[in-house]
Every structure is written in structure tokens, then in C-alpha cells.
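Engineer: Each chain is listed here by its residues.
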Amino acid sequence: MKDALRFQSVTKKYGEFTALDDVSIDIQSGEFMTLLGPSGSGKTTMLMTIGGFVEPSAGQVTLDGTEITHLPPEKRNFGLVFQGYALFPHLTVWENVFYPLRVRGLSKTDAEPKVRDALELIQLSHLAERYPKQLSGGQQQRVALARTLVFSPELLLLDEPLSALDRALRKDLQRELKDLHERVGTTFIYVTHDQEEALSMSDRIAILRDGRIEQLGTPLELYENPATIFVANFLGKSNFLPARVTGGDGSAMTYTVGDSEFQLTRDRVPNLDGEISIALRPERLSLHGATDAAPVNRIPGEITKVSYYGQLYEVIVKTESAGNLMVTANIGDEQPRTGDRVWVGWESDSGMPLAGRPTETDDAYAG
Amino acid sequence: MPTLVETAPAVSGPSPSMFRKNGAYWFMVLLPAVFLATLYLAPVISVMVRSVTEPVLGLGNYAVILENRAIQNVLGKTFYICTVTTGLTLFFGYITAYAMSQVSPREQRWMFFLVILSFWISVLIRTFAWIAVLQPRGLLNEALIWLGLIDQPLRMVRNDFGVIVGMVHYMLPYAILPLFANMQTIDRSLVPAARALGASARRAFFTVFLPLSLPGLAGAAILVLIFSSGFYITPALLGGGKVVMVAEYISVQMSETLKWGLATSLATCLMLVVLALTIAMSRFMDVGSAGKSG
Chain H
11 MKDALRFQSV TKKYGEFTAL DDVSIDIQSG EFMTLLGPSG SGKTTMLMTI GGFVEPSAGQ
71 VTLDGTEITH LPPEKRNFGL VFQGYALFPH LTVWENVFYP LRVRGLSKTD AEPKVRDALE
131 LIQLSHLAER YPKQLSGGQQ QRVALARTLV FSPELLLLDE PLSALDRALR KDLQRELKDL
191 HERVGTTFIY VTHDQEEALS MSDRIAILRD GRIEQLGTPL ELYENPATIF VANFLGKSNF
251 LPARVTGGDG SAMTYTVGDS EFQLTRDRVP NLDGEISIAL RPERLSLHGA TDAAPVNRIP
311 GEITKVSYYG QLYEVIVKTE SAGNLMVTAN IGDEQPRTGD RVWVGWESDS GMPLAGRPTE
371 TDDAYAG
Chain B
172 MPTLVETAPA VSGPSPSMFR KNGAYWFMVL LPAVFLATLY LAPVISVMVR SVTEPVLGLG
232 NYAVILENRA IQNVLGKTFY ICTVTTGLTL FFGYITAYAM SQVSPREQRW MFFLVILSFW
292 ISVLIRTFAW IAVLQPRGLL NEALIWLGLI DQPLRMVRND FGVIVGMVHY MLPYAILPLF
352 ANMQTIDRSL VPAARALGAS ARRAFFTVFL PLSLPGLAGA AILVLIFSSG FYITPALLGG
412 GKVVMVAEYI SVQMSETLKW GLATSLATCL MLVVLALTIA MSRFMDVGSA GKSG
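Protein chains in written order, with my numbering: chain H, 11 to 377; chain B, 172 to 465.
Honestly, the hints are just simulated from the structure, not real lab data.
Keep in mind that the hints are not guaranteed to be accurate.
Claimed, not checked - Straight-line alpha carbon distances no greater than 20 Å define the calculated SDA-like cross-link-like pairs of lysine to any residue that follow: (1) H:85 <-> B:360; (2) H:143 <-> B:380; (3) H:143 <-> B:455; (4) H:315 <-> H:351; (5) H:85 <-> B:361; (6) H:85 <-> B:363; (7) H:23 <-> B:274; (8) H:143 <-> B:378; (9) H:143 <-> B:356; (10) H:85 <-> B:376; (11) H:143 <-> B:382; (12) H:143 <-> B:358; (13) H:143 <-> B:362; (14) H:143 <-> B:359; (15) H:85 <-> B:373; (16) H:85 <-> B:371; (17) H:85 <-> B:374; (18) H:143 <-> B:360.
With the rest of the complex left out, here is chain B (with noise of 0.2 Å):
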């Protein structure tokens, strides 16, 4: 078939054109490059530059996050929030990402549907909604108290429960999704085989599932770190002033007190957190997607 052959260079790569290095070419790769350095890039190290600079030359502003009392609260506080609801997200992800991975198609698309959905629903307004369900008169509490569970009601808001509630509700989708796209590249027939081979459902879950689904459960963890250590509305709102988390406290630096040496250093410091845990993502992503193992 002769004419297969001739033809066969031509379709094996892209045309060569679409690589020539133009005019056009080049505008097009410099006009994006040109917004993010004035900015995106150009506000990042001024920030930088002021955590050393602001009031005085030198690294005092980091002396004082070292010392400080009161900012190692603030960061312990933002730790343990972030840590916790990482651990509740990835919990609760998890559960609906294998169901979602089970079900059948048209059940999955409506999963689908309703995880999507909150993506809709700007996050001020379902900080308030939180309010209004989880506050001493709310839906939550008024229902319980009707019931006959409870005589008082609870204290659910203005505390680190409120704010773990609305940031673990916040963050659920960006666990759900990664957790999913793993699970989906998960081999269905391996759950069986086990089975076939002798285990039991929660023996061939934990001996073969759950360890396929780690790279993803990691991608999840990190991504779910990252959005939480930088919350600032959710806890501003539903701690109401007394759960601090770091973001809070920066803007209260930056605003309110001006202290804006401090606060560039605190978010330098949160930065790089930050950008160590992306490298990290980035190489859990890639064992997930080369499906090395081991």
C-alpha cells in the first residue's frame, strides 16, 4: 500500500509551522509573561524585599516570629486547624470518592453534579450559612433542642469547631476530585481478584485499594494543606475573632496595626511553606501518574 506509506510522515507529528518561531509566536508567550511579572511577580518580591527591610535592614522581623509569644499562637492555632481539617476532609473524601468510583455511571454523573455544585456558591456566603445553622439560635441548634437531645444549646460557632466545620466543607471538592481521578485509574477487576484469591472485602480493600489509592490520598492531603494554612475568611467569620489563623493575623499586621514588616515576613514564611509543599505534590502527582510503585 504505497500510498499509506507516503502519507505516513505527514501525519506522525505535528506540522513543523506551528513551532516557527515568529512574531506572533513570540508576542503571544510575552503577553502573559508581561501580566504576571507586573502583577503577580513584581507584589511577591516587594513583599519579600519588606520582610527584610521594614522597619529596619535585617532579619528582625524573622527574630520576632521566632520569639514572639503571641505569633507562635497564632501559628500553632493555624497548624492544628489545617492538620485536623486535612485529616476530616480527606476522611470524608474519601468516602464519597470510592462510592462515587463504584456507582454506576448516571449515579456518578449526579455525585458529580452535587460536588461541582458548591463550586457555585461563593465562599462568604456559605461562611454565613454556617452561621446561621451552627449559631446558639440556628437551624442546628434549635432542632436539637426540639428534639429533647439537648436543654442548652451547643456552642458551635466562634470556636475552632465552627471553623473546622466551614473549611472542611469548603475544601471537601478539592479532595473528592483528585481522590476520584486516582481511583479511576485504579484497575476494577483488582478488588475481585483479590477476593477470588481468598481475601475478604476489607482485606482485599486495605492489601490492594487503599494502598493503589495512597498517591492520590497524598495529592489530596497536600492540595487540601496548602488552600487551608491560607484561609482567612471561613475562620475570620465562623472563629469570629477568637480562633486567629496566620492569614487573620497578617491582615490584622498589614491594616490595622502596621506592622507591615511582620506581616510580609509571616507570609514570606507561609509562602514557603507553601512552595515546599507544592514540590512535594508535584512529586507525589508524578508517582501517581507513572503508577511507579514501591
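Okay, chain H solo, but in the shape it has when bound (with noise of 0.2 Å):
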């Protein structure tokens, strides 16, 4: 596949202020890459600095080989789909995705057959005379997706594009946004602060900290295999258990919390040593009632909270050197109780370990 844009050391600062810290990616043609970070992590400013309403400070860009770092966002053919849809309110449905055809010269005869069609791809084709105004939430963010794709762009960058909308519907427009990437076949660069849209969409994700990428992988890759406490917590829940290591290779490692200590296989270890952190996902963690049934990794404890969430229950068991732990436990299993004393087990090849224990920062955008 090759690469649709690139970005090579790009840096921007607003006075005192790194909002993009020396950030490379390549984004590959045809791919749904998600930008996600919390509030302030940069995602914003990237996909402005690839749409051309931000300059870098430094760095390039390029598309397929040719330099845009200054192109003006006119000049690019990208389609820009904003966070409030941006649909123009003195115009029409049809007059808005007739829009940037209309700038690029089209009459209006030449652009009724694309416009149709653009309409026919979103199923808005009846409400072609309204409005905006007169419209649902989720109907405007589809006008406001045929306006972008109408034009064929090179690349779709969509800026938190269902924020707005209710949970119900945010479900819905994320399956028809995804089918439509797969039909168009357009590169989509994604820019979400919500986790399970960037989990359940995207091929790949880049997750922002600080201006900075901390970590570029598939989704599976990121919430297997996360680089650091940051990650593992931002993507999806874990547990993080304060661990120092005891020995080890490339293969395998022992490490003690409080006095137990616990094997870890998996293919390949980082070579970590002292205090680290083993992230330990609860849907990884299991509840059982005597030791001889329970993982050769287990800790004892006791359930002092029970939630039940339909499908499962979360739990959280105290421990006495692990702190509090999540585990998630499948309906039909032996139902939980709160005082249960119950061992919290593991199997070797689960637990990421990652270098450092869990700070404030870390957390403060868990969930």
C-alpha cells in the first residue's frame, strides 16, 4: 500500500505552547487512521495542520510524495467534515453539497448528477429542498458528509464528528460511516477523544499525548500490547499491579507483588527491571473460590463491590498488595457477592508489563 500523506518532524507552537511536539506518521491510501488523545493532546491541531489552517512551526508534510506543509486548504482536495457539521444555513441541502462543485466552476445541470448521487449514497435524496435548520442532528451530519465526499477528495478528515449526536444514534452513524469508508475507499483521518469509537472503526490509531504520538498500532495491537501506562489506561480499563522484577529473558519474566511471585510468558518481554507496573485488563482477571482451581498467578482477597452491567459483572476484589482490582465476570459463572474471600487468578502469557507506576496524569482521563 502506499503512503497517501506524511508527516516528518512536524512541530507547532503557539507562543510558549507545543501543541504538535516533532510528530512523524504515515497514513497510507485508503486506510481509517483515528487521531485519539484527551482535550489538549494535539489531535485537533494535526488534522488542521493536514487539512492547511494550521502552519507548522517546523516539519513537513507531503501528500503521495509532493510537499503541502503551505499549501492553503483550498488547493488540497481534502474533505473537512467539523465536529458541528458546518452546514451553510442559507443554503439548501441540495445548494450545500452543491457547493463545492459550485466553486469549482461546475453549473448547476453539469453538478445535478453528482449531486444526486451523493445524496442517493447518505438516503437523503427526499430532503434535498430543506433546509439545514429543519433537520435531525444525525440527517445534517450526513448532508454534511455527501458535501465532503461529493467532490471525491484525496483524503476525508473528520473532526469529532458525532460528539454531538445522542449514544443511540452515535452507534448507528459509526456503522454507516465505516461502510461508507469501505465503499468510497477514500483515506479517512479520524479525530476522536472517545474509545470505543476509535476501537470499533479504525484501522489503525494514533494515540496523542501531550503533542506527541505515544503510541501507532491497530486497535488490537494498542489494547493487547500498550507501550505504556498512558495507553493501557486511555484505551480501555486495567488494572495496574505495582511489580518489581525478579528475573528473567526475552521470553519470560518473574516479578513479586508485595512477597508472591508470578511468571510471565509471552513472545516477546521488554527488557524492563526494577519497579514496574503489570496492566492487567479484568475481562483477563477470573474469580475463584478455592486455590486448587485458580491460576498459578493468583492473589487473595475480598469482593467489596458488585455491578452488574446485562452481560457481566464487574467486581471489585480488595487485595492486600495489589490494591483494589476489576474483574469482570460472565454472567452464569458462580454469581459474586460482596465479602466473598475469593482468589483473583491470571494465566502467565497475561499482563503487560510497562515501565513506572501509574501517576496523576495517567489517570486523569481514564474512562
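Quick one: dock chain against chain with the hints and give me the complex.
Structural biologist: Below you can see the structure in the form of C-alpha cells.
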């Protein structure tokens, strides 16, 4: 696959504040790339740099080998979908979709078939004569999409396009967007702070923090192999065991939490020593009533809270050496009760060793 | 959550006691009503009545307005000055309001302050200040001569130019504030959206921003037109008797030639024009606030 867009050491400073700090990334043609991060992480600055609204203080942006760092937005032929849709309120749906063709010099008659196709793509042909105010939020969002797709942009940039919609509608539009991406085959660059949205839609995710890319990878890679505590915390929920490395090689590790020793065997184990954290997903932990049924890695504790979420329980177990651990248990397992003494266990291939211990800044945006 | 449900009706609307029509309520309404009727409505009606009764009963005064050449000239001059003033005020006001809508909040506060500042200075002082600046031996002429740009002082007062300068200066805040208020309602992402869709900065302005600011422009235009049609001090002083607008003409008929019938009929005409413009403005303002288009 060829690279559609490349960032080379792009930095953007606003006075003393560094919005983008030496960011390099290759986005491939046809890819659904998500820029995920808390507010202030630089994801919107990055998108606006791609769109041509923000000029980098240093570095280069190239499209298919051609430098576009200083090209004005209207010369880029990129589609940009704004958070608030940015439909023109004085124009009808039809005129809104016609607008990009109009500024490209097409007459109404020449544009007619293209506008019609775009409106059919989003199934809103019957609302062509309405004004944006007369449409629901979801419909407005679809018109905004049609308006950007009508001129076949080389890239489609989406700035938190679903954040203004309610949860149920957001789910529908997520599916629709993903479907649209597959049908039109355009590169999508999608900005969001919603980790679920990022996980379910993206080919790849770039996690941003303080103007830097913290980690880049497929949703599965990021979820299963987070590189830092921040990523493990931001993408899904994690328990962090305060651990100390006691030994190991490239594929195995032994570590202690409190006085007990635990085993870790993975394809590759990062070379760490001293004080580390073991990130464990709640679904990787299991509850056991008796010692013999539990895996070798286990910690005793007492259930302090049980929450019921339909298809699963979320259980908080208070342990002496590892603090409170969150465990998800399937319905149908023995029902956990507050006050039960249990073993929390995990297989030796579970757990991701990460440098350091969680700090407040890692935690600030969790959830 | 039963407590929420129970309290909901109580907080959902204003307390009914607020609208109980007791004695105090009517007194509060009556007081300003009486005030307006005696000090505002009665004189206005008296003016209208005089216009058809002085010196004799009938529409004679209105016939004079339609026939008299001097009055026609005054009306024509008034119309001309008002139109040019409105045009220039809108032009400069639009630029200022646009700039205000684009700058940072901090700069915006300063610009606001400077615009409002002019309200603090009386129109009389401002008019005399303009005379000091524009007169033949005034600041501007002296400066231009000193710079060697001109040999003879330019005539900038006691003519249309002086009157228009003074009026535009006075009217600018009245245009800037409604224009700015309207521009604040325009979604800031629309122009970037237009540019992302392929429009140049100029094109995006003319196809998106300008059409959306039209309600504000229309409102400001009518407001300035209404105010400037009744201008008295500025044309009287900066025009120096050479530029006579309708308000000054009415004043002369009232206090010097004592043709009260003619003065009141002209005043009535002026009032009707202003009334018509006000109605037009309220319609534009409604369109603006409802955000309807087409």
C-alpha cells in the first residue's frame, strides 16, 4: 500500500505552548486512521495541519511525495467534516452539496448527477429542498458527509463528527461511516476522544498525548500490547499491579507483587527491571473460590463491590498487596457476592509489563 | 427518583403569584403609561393635529411640502446626506465589526471599549472637535500643508463633506454593535468549511459570510437611516447654514418664521418615514433572530 500522507517531524508552537511536538507519521492510502487523545493532546491541531488551516512551525507534510506544508486549504482537495457539521444555513441541502462543485466552476446542470449520487449515497434525496435547520442532527451529519464526498476528495478529515449526537444515534452513524469508508475507499482521518469509537472503526489508531504520538498501531495491538501506562489506561480499563522484576529473559519474566512471585511468558517481554507495573485487563482476571482451581498467578482478596451490567458482572476485589482490582465475570459463573473471600487469578501469558507506576497525569483522562 | 418528580412542576415555570393582577401590579403598569401619555404621546398628537389645523383647517401644509421648491431641496439634501452617511457608516462599521468578530477575546474587549467610548462624549463636543480638525486653519489642513501635499487649505466644513464626516463618526457605533451582534451568531466553522470545500478566502467570504450577515446589515442600515434622518446639531454646525437638513429646517420654521403648520406637517412626514423604517427593521430583525433564509 502506498503512503497517502506523511508527517515528517512536524512541530507547531503557539508562543510557549507546543501543540505538536516533532510528530512523524505515515498514513496509508485508503486507510481509516484515528487520532485519539484527551482534549489538548494535539489531535485537532494535527488534523487542521493536514487540512491546511494550521501552518507547522517546523517539519514537512507531504501527500504522495509532493510537499503540501504551506498549501492553502482550498488547494488541497481534502474533505473536512467539522464537529458542528458547518452546514451553510442559508443554503438548502441540495445547494450545500452543490457548493464544492460550484466553487470548482461547475454549472447546476453539470453538477446535478453528482449531487444526486451524493444524496443517494446518504439516502437523503427526498430532503434535498430542506434547509439544514429543518433536519435532525443525524441527517445534518450525513449531509455534511455528502457535501465532502461529492468532489471526491483525496482525504476525508473528520473532526469528532459524532460527538454532538446522542449515544444510540452515534452507534448507528459509526456503522454507517465505517460502511461508507469501505464503499468509497477514500482515506479517512478521524479525530475522536471516544476510545470505543476508535476501537470499533479504525484500521489504525494514533494515540496522542501532549502533542506527541504516544503509540501507533491497530486497535488490537494497542489494546493487547499497550506501550505505556497512559495507553493502557486510556484505551479500555486496566488494573496496574505494582511489581518488581526479579528475573527473566526475552520471553519470560518473574516478578513480585508484595511477597508473592508471579510468572509471565509472552512472545516478547520488554527488557525492564526495578519497579514496574503489570497492566491487566479486567476480563483477563478470573475469580476462584478455592486455591486448587485458580491459575498459578493468584492473589487473595475480598469482594467489596459487585455491579451488574447485563451480560457481565464488574467486581471489585480488595487485595493486600495489589490494592483494588477490577474483575469482569460472566453471567452464569457462580454469582459473586460482596464480602466473599476469593482468589483473583490470571494466566501467565496475561499481563503487560510497563515501565514506571501510574501517575496522576496517566489517570486524569481514564475512562 | 420520586423527589425529582415531585419538585419538577414547581421549578418548571415561574411562580403564578408573580402574575397575580393585584393593585401594586396595575400601579406599576399605570405609572409609566401615564408618564408616556402626557409627556410623549400628547405632544406627538398635538403636532399631528397642528399640521392639519394651522393656519387653517385642511391639508394645505402638505400641499406646500409637495409644491415648494425650497422644501423639496431640503428634503432632497436630507435624503442625499442620509443615504451617503448610511452607506459609508455601513462600510466602515462592517469592517470594524468583522475585525472585532475575528480577533482574540482580549483584543475584542479593547475594541468594544473604544467603540463604546464615543458614547461618553456629547454630540456637541464631538461636532466642535470636528470643526477644529476640519476647518481651513484646522489640524488636518495645517498638517497637509506642512507635509507639502497641498498649497491651499481644503474646504472640509460648511459643506456636505463636513456634515457627512461628523454624521458617520456619530453613527458608527450604532452600525458596529448590531453588525457585531449578528456576526457573533454566525458559526465560526462555516468559513473554514467553505475553504476546505475549495473556496478561496474571498469566495468563502462573499458566498458564506456576507449572505449570513445580511440581516445584521439590513438592521444596521435602517437604524442608521432612522437616526440620521433626524440629525440636527451636526448638520447645523458642520454645515454652517449651507447644508440644511429637514430637522434644522423644521426648527427654523418653528422658532424663527413661526410657520408652525408647515413645521408640524414636515415633522409628521418625518415621523411617518421613521415609523415605516422601524416596521421594516423589526421584520429584518425577526428574520435575523429566527435564522430563516431564502
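Engineer: Quickly compare the C-alpha distance for residue 23 of chain H and residue 274 of chain B to 20 Å and report which way the hint goes.
Structural biologist: holds (19 Å)
Engineer: Has the given pair, residue 85 of chain H with residue 376 of chain B, been kept, meaning a C-alpha gap of at most 20 Å?
Structural biologist: holds (17 Å)
Engineer: Do the alpha carbons of residue 143 of chain H and residue 360 of chain B lie within 20 Å of each other, as the hint requires?
Structural biologist: Holds, because 16 Å separates the two Cα atoms, which is no more than 20 Å.
Engineer: Given the hint that residue 85 of chain H pairs with residue 363 of chain B, does the C-alpha gap stay at or below 20 Å?
Structural biologist: It holds: about 13 Å lies between the C-alpha atoms, which stays within 20 Å.
Engineer: Is the hinted pair residue 143 of chain H and residue 382 of chain B satisfied, with a Cα-Cα distance of at most 20 Å?
Structural biologist: Cα-Cα ~16 Å, so holds.
Engineer: Below or equal to 20 Å on CA atoms is what counts here, so check residue 143 of chain H against residue 358 of chain B.
Structural biologist: Holds: residue 143 of chain H and residue 358 of chain B sit about 13 Å apart, inside 20 Å.
Engineer: Checking one constraint from the list: CA of residue 143 of chain H to CA of residue 359 of chain B, max 20 Å. Satisfied?
Structural biologist: Answer holds: residue 143 of chain H to residue 359 of chain B is near 17 Å, not above 20 Å.
Engineer: Straight-line Cα separation of residue 143 of chain H and residue 380 of chain B no greater than 20 Å?
Structural biologist: holds (17 Å)
Engineer: Below or equal to 20 Å on CA atoms is what counts here, so check residue 85 of chain H against residue 361 of chain B.
Structural biologist: holds (17 Å)
Engineer: Check the hint pairing residue 143 of chain H with residue 356 of chain B against an upper bound of 20 Å on the C-alpha distance.
Structural biologist: Status holds; Cα separation ~14 Å.
Engineer: Holds or violated: are the alpha carbons of residue 85 of chain H and residue 371 of chain B at most 20 Å from each other?
Structural biologist: holds (9 Å)
Engineer: Could you grab the alpha-carbon distance between residue 143 of chain H and residue 378 of chain B and see if it respects the 20 Å cut-off?
Structural biologist: holds (19 Å)
In the structure shown, no violation is registered for any of the earlier numbered hints.
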